[in-house]
Amino acid sequence: MVEIFKGGIPVIPTLERWYEEFKFEGYGAMIPFIGIVRAENGIDGLSFDLYLPMLNEWFKKWANLPDVKIMMAHSFGDVKVGESSFLCAVFTKHRKEGFKYLEEFVEDFKANAPIWKYDLKEGKRIFVKERAKKLPNAGILSKGE
Amino acid sequence: MVEIFKGGIPVIPTLERWYEEFKFEGYGAMIPFIGIVRAENGIDGLSFDLYLPMLNEWFKKWANLPDVKIMMAHSFGDVKVGESSFLCAVFTKHRKEGFKYLEEFVEDFKANAPIWKYDLKEGKRIFVKERAKKLPNAGILSKGE
Amino acid sequence: MVRVEFLGPIEKEPMEVDVKNLKELKELLNKNEEMSKWLKECAVAVNDKIVSSLDVELKDGDKVVILPPVCGG
Amino acid sequence: MVRVEFLGPIEKEPMEVDVKNLKELKELLNKNEEMSKWLKECAVAVNDKIVSSLDVELKDGDKVVILPPVCGG
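Chains as they are written, first to last, in this note's numbering: chain A, 1 to 145; chain B, 1 to 145; chain C, 1 to 73; chain D, 1 to 73.
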């Protein structure tokens, strides 16, 4: 299951919990990824909606691989500049498969996880469509199709 | 400068310090790498020697890149199973260059950092030559050359 | 009745509609011009599985969700 | 005098030797058979820079380090 937090993720306690949970499990490499909200375009932060049933369904295929353990946390609601909205960690026996899994996982997450991001400006949420990626078979209910 | 610790690295406090230091610096991605000592071949742990003058010199070229911040810590002496001997973190604006830098940095570290690793068995250090990598121009003082 | 939910930035309340398949739902939703624009960009899931074809029958109690382009992280 | 240090797993104390260049140092170190085996695998740094050629003069106070194969992490 994806770990879900309202607002910014408690990054360090979460990493600590995962590290302690798996440090004796024979994984030689732990590679986390921490997404930090940057101050750009005059935003105060970002805000997120998630669709949890499909998010957990999407995550299942990553959670049950034989040679890697992947943990993930994500925020919903408002996340301020300097806070983190996305955290994951990949545990593998050796580093090389860790690099590979981390990149594949994060890219799949960006393309397919049912999450919507908004800029936060003066308390208002602004959806930036240009930044978002269409899901598979997008447009299937469109008139022109 | 590489941060050096006697024995296992305090992983979580070190990650916390780095995260707090750079979270407002405009980096959107923090990607750490945590090397964990695995129980294998009946070892109780690993042990390390470092040659600090050349380790810091090697690290300089990674510490002063314009578009990435790289932090690193390493142990010397004995590190038990479940503890960590190597920790680094790459901070970049976007994730893709973070993946690239992390992998390049860690591979360069493995091939060129002047560090020697020993298995620890019953309190004794055993050097495993097969696991080690020759440095550039190795063999230059050899008779046959 | 089939429940239709609009996710993320689509500002529209869930609907309960009487349709027998996705083709009928398509006709219905495209009557609204604003929605029609969204549908060009949106994926569609029936009972939380994304569909790749309009040849999907819908039965009482099914749930359809309309998923705009995503951007997590 | 030139100081020679043996790093990592080479179990040998540092030496102070009277040599004028790396070629002389090579002759000297290869007299010891155990050391000769190590030298096949080792890189060499003069004043903490790895050298790529034996054409290096050594002067009083220089430091040579012998670096066996590495394995950090």
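Be careful, since some hints might not be right.
Unchecked claim - Rough simulated footprint, nothing fancy, chain B against chain D, three-plus residues with beta-carbon under 8 Å:
1. 2-14
2. 26-40
3. 43-56
Said to hold, decoys possible - Distance windows between CB atoms, simulated:
4. L54(D) with E25(B): 44 to 54 Å
5. N32(C) with E20(B): 40 to 50 Å
6. E20(B) with K93(A): 26 to 36 Å
7. A63(A) with G123(B): 49 to 59 Å
8. N30(D) with P66(A): 21 to 31 Å
9. E16(C) with P66(A): 20 to 30 Å
10. V128(B) with A63(A): 26 to 36 Å
11. K59(D) with A39(B): 42 to 52 Å
12. K124(B) with E34(D): 54 to 64 Å
13. E20(B) with K133(A): 27 to 37 Å
14. E16(A) with P14(D): 19 to 29 Å
15. D108(A) with E34(D): 47 to 57 Å
16. A63(A) with N30(D): 51 to 61 Å
17. E33(D) with E107(A): 25 to 35 Å
No wet-lab data here; the hints were simulated from the structure. Cβ coordinates follow ideal geometry from the N, Cα and C atoms, glycine included.
Inset, instruction - Confirm or reject the claim that L54(D) and E25(B) have a C-beta distance inside 44 to 54 Å. - result: Given about 46 Å between the Cβ atoms, the range holds.
Inset, instruction - Given the hint of 49 to 59 Å, check if A63(A) and G123(B) actually sit that far apart at their C-beta atoms. - result: violated (40 Å)
Inset, instruction - Examine the region 2-14 of chain D for residues whose CB is less than 8 Å from any CB of chain B, and state whether their number is three or more. - result: Satisfied; 3 residues make the cut.
Inset, instruction - Can you let me know if the beta-carbon spacing of N32(C) and E20(B) is within 40 to 50 Å? - result: holds (49 Å)
Inset, instruction - Mind checking the hinted window 47 to 57 Å against the Cβ distance between D108(A) and E34(D)? - result: Taking Cβ atoms as reference, D108(A) and E34(D) lie about 54 Å apart, which means the hint holds.
Inset, instruction - Using the beta carbons of K59(D) and A39(B), state whether their distance is inside 42 to 52 Å or not. - result: For K59(D) and A39(B) the Cβ distance comes to about 50 Å; the hint holds.
Legend entry - Range agreement (Cβ of P66(A) with Cβ of N30(D), hint 21 to 31 Å): violated (51 Å)
Inset, instruction - Count residues of the region 26-40 of chain D with a Cβ under 8 Å from any Cβ of chain B, then say if the count reaches three. - result: holds (count 6)
Inset, instruction - Can you let me know if the beta-carbon spacing of V128(B) and A63(A) is within 26 to 36 Å? - result: holds (35 Å)
Inset, instruction - Can you take a look at whether the region 43-56 of chain D is actually covered by chain B? Rule is 3+ residues, C-beta closer than 8 Å. - result: holds (count 9)
Inset, instruction - Starting from the range 27 to 37 Å, see whether the pair E20(B) and K133(A) falls in it by beta-carbon distance. - result: This hint holds: roughly 32 Å between Cβ atoms.
Inset, instruction - Confirm or reject the claim that K124(B) and E34(D) have a C-beta distance inside 54 to 64 Å. - result: violated (19 Å)
The structure does not agree with the numbered hints 7, 8, 9, 12, 14, 17 stated previously, though it agrees with the rest.
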